[in-house]
Structure formats: structure tokens, C-alpha cells
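Number of protein chains: 4
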Amino acid sequence: MGMVGGGQGAFIGAVHRMAAALDGHIELVCGAFSSNPEKSKASGKELYLPENRVYGTFEEMILAEKQLPEDKRMDCVSIVTPNHVHFAPAKMALEHGFHVICDKPVTFTLDEAKELEKIIEKSGLIFALTHNYLGYPMVKQAKAMVANGELGKIRKVVVEYPQGWLATKVENTDNKQASWRTDPKQAGISNCMGDIGVHAFNMTEYITGLEVTEMCADITSYGEDRPLDDDGNILLHFNNGAKGILHASQISVGEENNFNIRIYGEKMGLWWHQMEPNSLKVTYLDKPASIFRTGIGTLYPASQVHTRIPAGHPEAYIEAFANIYRNFAFALQATWAGKKPDPLYDFPGIKDGIRGMAFIGNAIASGKSNEKWVKFVV
Amino acid sequence: MGMVGGGQGAFIGAVHRMAAALDGHIELVCGAFSSNPEKSKASGKELYLPENRVYGTFEEMILAEKQLPEDKRMDCVSIVTPNHVHFAPAKMALEHGFHVICDKPVTFTLDEAKELEKIIEKSGLIFALTHNYLGYPMVKQAKAMVANGELGKIRKVVVEYPQGWLATKVENTDNKQASWRTDPKQAGISNCMGDIGVHAFNMTEYITGLEVTEMCADITSYGEDRPLDDDGNILLHFNNGAKGILHASQISVGEENNFNIRIYGEKMGLWWHQMEPNSLKVTYLDKPASIFRTGIGTLYPASQVHTRIPAGHPEAYIEAFANIYRNFAFALQATWAGKKPDPLYDFPGIKDGIRGMAFIGNAIASGKSNEKWVKFVV
Amino acid sequence: MGMVGGGQGAFIGAVHRMAAALDGHIELVCGAFSSNPEKSKASGKELYLPENRVYGTFEEMILAEKQLPEDKRMDCVSIVTPNHVHFAPAKMALEHGFHVICDKPVTFTLDEAKELEKIIEKSGLIFALTHNYLGYPMVKQAKAMVANGELGKIRKVVVEYPQGWLATKVENTDNKQASWRTDPKQAGISNCMGDIGVHAFNMTEYITGLEVTEMCADITSYGEDRPLDDDGNILLHFNNGAKGILHASQISVGEENNFNIRIYGEKMGLWWHQMEPNSLKVTYLDKPASIFRTGIGTLYPASQVHTRIPAGHPEAYIEAFANIYRNFAFALQATWAGKKPDPLYDFPGIKDGIRGMAFIGNAIASGKSNEKWVKFVV
Amino acid sequence: MGMVGGGQGAFIGAVHRMAAALDGHIELVCGAFSSNPEKSKASGKELYLPENRVYGTFEEMILAEKQLPEDKRMDCVSIVTPNHVHFAPAKMALEHGFHVICDKPVTFTLDEAKELEKIIEKSGLIFALTHNYLGYPMVKQAKAMVANGELGKIRKVVVEYPQGWLATKVENTDNKQASWRTDPKQAGISNCMGDIGVHAFNMTEYITGLEVTEMCADITSYGEDRPLDDDGNILLHFNNGAKGILHASQISVGEENNFNIRIYGEKMGLWWHQMEPNSLKVTYLDKPASIFRTGIGTLYPASQVHTRIPAGHPEAYIEAFANIYRNFAFALQATWAGKKPDPLYDFPGIKDGIRGMAFIGNAIASGKSNEKWVKFVV
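Chains as they are written, first to last, in numbering that gives the first Met the number 0: chain F, 0 to 377; chain S, 0 to 377; chain C, 0 to 377; chain A, 0 to 377.
Do not rely on the hints blindly, as some may be mistaken.
Note that the list lumps identical chains together, so a pair holds whenever it fits in one copy or between two copies.
To be verified - Derived EDC-like pairs (lysine to aspartate or glutamate); straight-line CA-CA distance at most 20 Å:
#  : residue 1 : residue 2
1  : 175       : 285
2  : 168       : 265
3  : 40        : 275
4  : 71        : 58
5  : 184       : 173
6  : 168       : 114
7  : 71        : 26
8  : 44        : 22
9  : 152       : 224
10 : 266       : 223
11 : 286       : 22
12 : 65        : 265
13 : 175       : 74
14 : 71        : 275
15 : 175       : 69
16 : 44        : 70
17 : 40        : 110
18 : 65        : 116
19 : 367       : 213
20 : 371       : 213
21 : 286       : 149
22 : 44        : 170
If you're looking for bench data, these hints aren't it; they were derived computationally from the structure.
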């Protein structure tokens, strides 16, 4: 695997590397870690890479690796740059025959996402999108319970992603994360919805198997002169008649990553919290609630195969992220073996990316609209 | 004290009696416990009341008690009937010189609430409304922290009141609570908003000291052929520019009374949950969260005077309810002594009732409206 | 009911009064609230008692009340004094025909407790001991689950009662609670074991139905020059071969009343915490844990009849305490009606008192012994 | 790195590999994964190792690797076999110039541990023992708080490690973990104390900086005909006068790995739970408790340098385990650079191993003794 972005000081690049390394199926062999060549070199050295596999730009990397013998070159590219530098390397990598795994949101604009879909289809290659929270074992369990009809018809969803790290203007300090995320040139039309609102949206559609059909959004920027949103409260309608609430925030003082979802069906309810991810609370009409736990009892296979260690040894963020990478690796192995990837080892892809970009666009549009309900346009 | 309603089988009447009895300041001396005179008699007997103080109707009670010598007659009336039988006994009691403590929502319609306000003002008597959740010591603490500026300007409020007891059509069983609450003739224009949404609204305005100025509501009745709402999701705007979300539900399977509120200011956040009411989580910009606990450390006087027992012995629902009754009793004692009631021992009154009725009306209206934002009209 | 002790400033006296008042079955009609007659008078006045029913001493009260006509005099005596003033008023009350409800530990010495048992038996009167924690609905549920064999044979018990209020020498301040509890003349041979260790012991034997047969105790006084224990760690052996740990502490900084018990049987485990008393965690060999909640689902009758309000409205310390008083009142009513008290409405009595005194004695003795195992002598 | 043990089906071997891989500082280059050569080959293939680096025995591996040029051979050996196969490979690896990282308990007997210490000292090589729980960021924080005197003198420690997986006789099924752990030939003199009790002991001495001086143990085997212990309750005395309780169990139905520790000093208390490892509850004499969280606020450097990702993204078991491996790698790098390892990046070693073996021996001895207090002999 070659990496684009993720040089020294970046947060998410390091996470991708740990996620890729954890299960031993993927080896980092090269990278273009920074638009600054010196920084790229330094980063590569820290990662024990040979100098000649550390490149100044992603274009250079893709072209040079393409020249290497097939058994020496990278198999795939991991893209961990800010949002505005997702599309170009993904396109070029795919067009040069490399599989791609890319951070979210998939592109800078919805149009790019749609174009990328065409390129992927044409290439016949694997494209994975690191909506990492989908990798948790108890998220898999929740999805399987819904899919198997245990909840009955879903009626209501409450999904939240509050953070507090932008409660003050940290983008005015040397916080690199804060400055690019609140900069329209690098982040696009949205900060909060694009960074974390989209996780909440993606998780909701993933677990429920439903699609949002219309939204009513109240989008706010609390930070003084902050050009992009840092908070949003959204009412949701789903294609089965269910209703919901999605709220995401970066100004909720004291919140870390309190991403959580509650799903209420006719027969059962489910609660999951990212900060204590190994528990899934299951509630019933007529008996006490159960606490399902990672690795305990008769969980669905989809949950079991995403669990590494016996119950009670907590698995967390990096392990969930690594599940995306491992399943991506399994899909590559299946491709090489001329097989179809096993759907049990699923991972998000371009369709998640397109609906995610549509969510961001529709949320911001609804926030500006005087109409109560804005159709979910893709 | 004389009681109207609360005969055998009623839930809230028994709670009122326990709340009134707890601190020993109020004695139940008479009652008209049911519109069924036999049932009223039987209830009175169970309560160890002499037969001649158990009446068939509230009119009878008020007139008969008025005839008794001043030191023998009831001092005040407690009204614990369904919503449509609040106004008439309250009006008659006040007009005959009796102080009133009444269950919420205050009346059947907003107009009645406004009329009642005039009657109260004219009478010069005390009127308390049992928005019981305001009586919790940690709610008092939260209000005091906001009032003292500890949070800075409030930015966002998330208030929830999910229940699950109406997930199925229990009104078709012999559940008396369910049948009157879902019956427009007894409950009025709303079930869920009128029963519990109004608690969430009242708590929000109480702690924050803010007023809701406009709302955008998505109101639903999930129960088949259920004529009134059993769920609502509402976006809120406040008079200081803050925003919020209020959702209440009776179809959220497995939820008991998971009433909770989170308030995010510029400098601090507060979280309180009714089901574990003795903790108040306080979050900061720059240091670890604190767990404030009933009766521990340097809490505000408003919190301290509503606490009965040393920390670690949990105080709960009945104690909070009793705080309303005790403060009502203190106000009566102050009146008798020719003094003004001490504002430290506060309790909700007709103003809470009017804003509560307005909330119910505006929520239902917004739910039916195609306008995104509906002004909060009183 | 007449009360002995519980004058102004006392903690437990006020709790007893609230507990007695809550359900409306018991009326406080007289009292000897303090050994200081002025203070007794003042306390009585605050409680709205007529002057002539407020006495200077318990002897005076018992004799004077005995002179009143049967339908005017008190029915029973509540004793809420420090430990060294339990035996004398209990004895005198019983010998003058009054039922007694008494705070724990039952007496100052084990010998007194045994003598009291004889007096009670001779009198044929009701004697209740306010081991209040037994009154919680989920404690009743736990006992019923064990009694019905759901856990199989019990193997291990872990019971804890840590507090932190004596971490510093608060007995040197004006803390009345601290000064009498650490004074051997008022508290007896033990402070921590006598105050809270005995609650842990009593709860263990109550829920499990087992008896402790031998103990190995490590008893400490951390407070400088504090004459009585403020901490104890004890290994337990039970009469069915089960083993256990009991620890209680008053110097565990930051602990409020973190009384909790875990019981592990061959087939099931139970966890209950006093500070969140409405939950009972039930664990199984082969399926996810359940959270049983007060008032929810198919609990045993013993749990149901000790629950006042619908699920989700927390019931707490005073309600549990009131269950002891209510059941005591029911037993009195049964006696008056010539019936046997219904065992469903149980309450602790002299047998709990004797075993409790034996626990205190054996714990202190074991703490001083070089023998590993000290037999539990009664 | 070469690995001894950890073939297909083993639990802890896979954990060691993930822990080693996570940070990219260590590469698995060879292994003797099983005493069964076929199984070893198959395991090596799954791990993408070349056939000629997969060995049939650890002796073969050490000798063969020693023959390779220095820049090709393994740098160190990771030993992940059952307890009885720790000493021999550790000894041989050290004697052939390889650094060693070894699973706990360090050896089969205390004598072996002492002999190993001499071999290590003589070799001048690095020896790490994977007492993995020491790697958690909040454990590092706790240790630093104690070391900096924040708690004052420590008075009491309560440390627990309950599990439930051996509540039934799973060693009679095909559970490989259960069968070797309950077999004296492979596990040694103890099962429960040697597997998990020793973790509790090690954590206690690590955080507090104290040493246990005497113990009073009640050791039990609940499983029918199970030759080794599956439960133990122990009273502890420390060298500063502090007292404590340690209990560990494998028959506590429904417990996963509920390892937790509470430390009470004169001025502060600390609570940490392994199953929610990113929180550290800090309690004070005179103010509300704080919840310290991994990565939040002004934690000690020792905590910060063991944290990989921003607060709110939970880090868990594998990350803590990986901290041991990373610090071991840093120590190797320091050695190669001719420097002393930085004590900030600490890891357990042979001294932990010796005290751990002593704990196991003393616990079992005390369990069999009629003496109340058994001196902690090393």
C-alpha cells in the first residue's frame, strides 16, 4: 500500500497506518506524505521506508510505482489528505490500476463523487471509504438485528454526534485540524456536517437499511466570523415513514466524541454509544433490557467476524477502523483469487460516498431554506 | 388540604398525597376523590378520613368546607383530576377563598389558563402548579449556575423525554392512564406534548431563564387510529439567539421516563437525567468534567434547601414532588404571617401554566404547518 | 406513634418521621425528642404537636400516654436515639404494652439484645428494626430470585459499604454524627462495623438466606487517636460452603454511601447498588446480562408490593425506609384484626438485631485475634 | 522479531502480534509457532512469512537465526507459550544474544524467575514482561498522581479481577485456554492467582509504588475436581501501613474482565476500571469528583505519551498492550544508539516477574495456612 497524505503532525494518517498494520494483511511500502517534499521524506524515514519509495507528490508516486515490477509495486493507495485533495489522487490511482481506500467525505463536491463512481465502475477496481464507525462489532450486530426483522418496522431514530473542541476559536491557534476544517477552500461547503454530521447520517442509513427522503435543518455557526457551520439540528423523514432527529455539534462544551444512536422499532429498541462501543443496549416491549457485549453469547456472524479478542477486553476505535482495512484487504485477496468478496466482510464504498455528499449538500441547503421540508436530492 | 380526584386506582393522586405528607406541613383533611360517590367514599375510608369529610363532588366539598369554622376547614385544594377537570374546581376554590395546588397541564385550553390567571390575581391567593421535576435539588443547582453566569451565554439546549409505554395500543386494554390521555375529550388537543413534552419545555425555560420564540415541530401519532400525538421532534429558537432540540415520545420501546437535559454555554456544559437525579455533570472548556452530587460540597443555597438527607442516600421523584408541596406550604405560612414568600423556596405557578399551554398549542400548530418556523404565541 | 429521640439537628429522626408519614398509615402524636426538655419542646412545636404531648423523657412519655384513653394514646414507640439509648426505652415501652420500632444496631451489647428478645416474646407485641436497606424493591426481588433457586447454589458474595466522611477528624468539628459515633460510650465497641458494616452483613444474610459461620477480619482505625474502628476488611464463610468478602469503610475519600452487593451462584449473578437502587443487574451463564428495573415487567410479588409508582420515576432511600414503617403498620393492623401478619410485607426484627450485634462483636474480636478463622458466635 | 508459540487457535499470540504491529516499530520476521511442526508451518504461512523463517522448535529458530547476517536476523524473541514453556526459550534466546519480550507469569516457578534474572543481568540485554494492563494511559496517570503526592499517604486499596468463564467445567469441552490453565503441568501451582490475580497484584504495586508485606488468603476451587484454584480472596498489608483487599475469580457468573482498582489516600481517591479504561475517577475531600479522560486536559506526560489519538476516540486493550511493545522497541533503539532507555517509556521486566511469582506462591501458601498473616517472601 502507498499512502497519500498523513505526514508528520497529521491525526488521521497515523490512524490509517495503525488500522492497516493491525492485522498484518497490509504493508505500507511507499508514500507521498506531504505536499512539502522535505516533510514527506522525513515522514517516510520515521516510518522505516526506503528513501526511494518516499515521493514528493502523489502523481510522482503513482507513476513511479507503476514502473516497478508487479510483485514489487504497491497494490493499492490510501488517501488521507484534507477533503479537497481526495478526488484527484483517487482518479489517478484508479486510472493507473491501483485499488483505492479513501478517507471521508469522499470528495469535495457531489459532482466529483458521481464522476468518481463512473471511474470506479470503469476500472473494475476496489474502492473503500473509511466510514470507520461502521467497523464496530456492535454496529454490525445492530444492523443484523434490524435486517432480520427483530425490531419490526422502524419508527424513530435519534442520532447524535456532539463534540466540544470548537467551542472557542481554536482555529486561531496553531491547531491544524481546526484551521483546515473551518476553511471553505479545504473543507468545502461545510465543516460540522461534512466532518461528523455525515458520520451520523451514514451510520443511520447503514444500520436501519432505510433512506432519508427529506430533511428540515437548522444549521449554525457559533464561532465568531467562522465561515462554516459548527452545529446543526436536523429533523429527518425516511422512506418507510419513520422519523428521526440528527444533531451534530462542535461547540457542545465538554463533549468528546459522543456519537450515539438510538433506534426504536415496533418491537424492540437499540442504543449504541461510540465512546463505550462494546455494549449494545437492547430493549423490549415486555421484559427487562439486555446489554449485549462484544464477543459474548450468540451474536450474529457479522458481529463475530469483526471481533478479535475474547469478551471483556475492550476493542475500540482503532480496531473498528482496522476492520475496514482488513475487509478491504480481503476483497483484494478475493479479486486476486478471481472470487467475489464475501459480503460478511463488508466495507463502505462509493455509494456511501455519494449519499454522504448529498447529505452534506442537502443539510446546508435546508439550513438556508425557508421551506420546512427539503427533499433529499442525490 | 382537600383533594379533588385521586380515587382508587389513580396514579398521580397517590403521588400528590405522599408528596404532601412527607414533610409534615400539610394534612389531608377532606376530599372529593371521584365523580363516582361510592368510589369517593371508599377512597376516603382507605385514607382514614372521617366519612363526613368525604364528598361526592368538588362543588359539594368547597361549599361544605366553607361552612366550617375557619380553624376546622381545609386551607387549600389539591386538584389531581384529568386535564379537562382542572379549570372548574380551581376557579371555584379560588372564588371561595381557598388556595390551590394543581396538576399540570394547568387547564384544558390556553384561554382557560389566561382566565384562571385573572381569577388568581383577583383572589390574592396562592396558586401552585405541580411541574414536579423542578423540585429536584440538582435542577435548582443547574438553574443557579446559569443565573450566576457560570455558563456564559447559552448556545444550545438538548432536552428529551422519551417513554415507551404507548408503543402498543394499551389504551385498548384496561389501562386507565392510557385511555384518558389518548382521548381528546379528556386530554385536549395533545397527548404526548401535553403530558410530557410540556415538562421538557418547562424545565428548559426554568433552568435557562430563556424564552422560546419560535419552533419547528414534527408531530406524529404512531399508534394505529390513535387520535392524538404520541411523539414529537421540535427545533427551538430562544430569545437570546440560542438554539435547541426538544423531543418527547411515548413509543420509544424500552424507555421508562428518560427525561434529560443538556445545556451548553460558552464556558460550561450541564447534563441532568431524571432517572439518576442526584448527579449533575458539569463540563468545562479546559479541565475534566465534574460530577456534582446532591448534598455534596459547596452547592448553591437553592440546591441545599431542597435536600433532606446527607449525600449518598438517594432522593428521588417523590422527594422532588414534595419540594413543590413544602414550598407551597411555606408560602401559605408566609401569607398567614403577613409576609412575602421567600423566593429561595420557589414553585411553579400560573405563569408556567400559561406558557405550558402555549407550548402545547404552538407545538401542535407547528406540526400541522408547512411553515418552517412558527412564532411562539401566548 | 410516639418518638424517642430525633430532636432538632438529628439526621435519622427526621428520616424516620418522613418514612412513617409517607404512606399515611402512621401518625406522629407525641414524642420525647431530646434529653434536653427545652429542645424536646421546641422540636415538638416544629412538628405541630400539642404541647401536652411533648415530653421531657421517654419514661414520662410512656407513663403519661399509658394514662390516656386507648383510642387517644399512642399505639407504638419509635426509638431513634444513639445506640446506648435503645434498650431502656424499648424495654419500658414493651412492658407497658406499646409496640416498638427501633433504629439499628438494636442495642448496645449482644446481651441486651438477647434480653430484649425475651421481653418481646413475653409481651406478644410487634418489634421492628429499621434495617432500612431491606425495604428496596430490587432487594426484595433479589431475595425472591435466590429463594426460588434461580441462582442455583450460591458460591460467592462480595458486599461493600464504603464511605468517606470520616477521612479527616470531623469529630473534632461540631459534627454531632461524627462525635457520638466515634465515642465508645455512645456507640459501643465499634463505629464503622456497628454503623455500616452491620448493614452489609444484614443485607447479605437477608438476600442469600445463608448464615455466616466464620470470619477473618482486619479492622483498622485510620483517624489519629480515634478510639473506634473506621474501616474493616473481612473474609466470610457461609453455612452452605459459600465464601465472601465484606468491607466497610468511613475513610474511603469521595465515597458517599456506595453500599453494594454482588452474589454469584452456580447459574446466575446479581448486582445491586444502593446509590442507583432501582436497577438490579442479572447475569447468566450463556446470554447477555439483563437490567431489571423497579416496576418493570414480571417481577416477583415481593418486589411489586414494595413499589409505589410506575417505572422510571425513581424511588429511593426514604421510600425504602417507608416500606419498613408501612409493613410495621400492616402488622399492627393485622394484630388488631386478630390476624397473622402477611409474610409478603416483611420487616426486620429482633432476630436481625441479635445476629447484627453478634456480627459486630465477632468482627471486632476477629480483628484482634491472631487466629485466621473466628467462629461466628451468637 | 521472532515468535515462540502463538500458533493457530491461540488467543494471546495473536494479541502479541497485533500489539507488536500497531505502531510500525517491530516487524515479525520468523517464528516457531507450535510444538507441532505442521501447525507451525501453517501458522507462518497465514502470517505471510517465508517458509524458511518458520521453524519447528524454538531451539531451531534461535540457532538458525543466529547464523543469519546481523541485519537479516531477528532482533528479539517474543514468548507467548503456556507458562511452563517460558523459561527455556527465554534463557536460550538471551544466551544467544537476543532481547526477549515474554508473556506473564514470567516462569513456572519462582526459582526459575530468579535464575532468569541472573541470566538477564549477565547478558546485558533487554527483557520485557507483558503485564499489559500497565500500558493504559490512565494507569500511567494514576501512578504519576500517586508519585507526585497528590493522594497523600495511601491508606487502602481495593483491587478486583472477577471473571466468569470457568463457572462451569469448560475444560471438559474443547476450550484450549481452559484446559491448559487448569492443568498443574502447564499452569503450575495456580490457575486463577497465576492468570489474573497476579495482574491485580502487579497493578497495585505499580500504581501505588508500595510493596505488599503480608497476606491472608482464602483460596478456593469451585469447579468439581478442578485441581487448581479458580477463586481467591486476599487481605493485604503494605510496607507503609496501608491495608487492602485483592480478589480474583473465574467463577463469578457474568463477569467478563472486570479488573478494577480503587486507591484511597489521605487526600484523594482514584478509581479505574479496565472495561472502560479511558476514564479515571478522581475524588477529593471537599469538592465534587472529576472524571479524567484519556487525552483530555493537563494529564501527566507519562499519560500523554501513551495516548495515540485525540480524546473521545476510545483506546483499549490492544493499544495498551502495544504500549508495552512500543516501549520495548524504544528501549532496543536506545540500546543500539548507545543510550539509556527513557524512563518515561517504561515497561515491566524481570523484577515484576519475580514479585509476581512470589505473589502466586505466597497466595497459595497462605490459602493453605492456618496462620492469619503470612509474610510476603521473595
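*Please write out, lowest number first, the hints stated earlier that are contradicted by the structure.*
Violated hints (numbers, rising): 3, 6, 11, 12, 13, 14, 15, 17, 18 and 22; every other hint is consistent with the structure.
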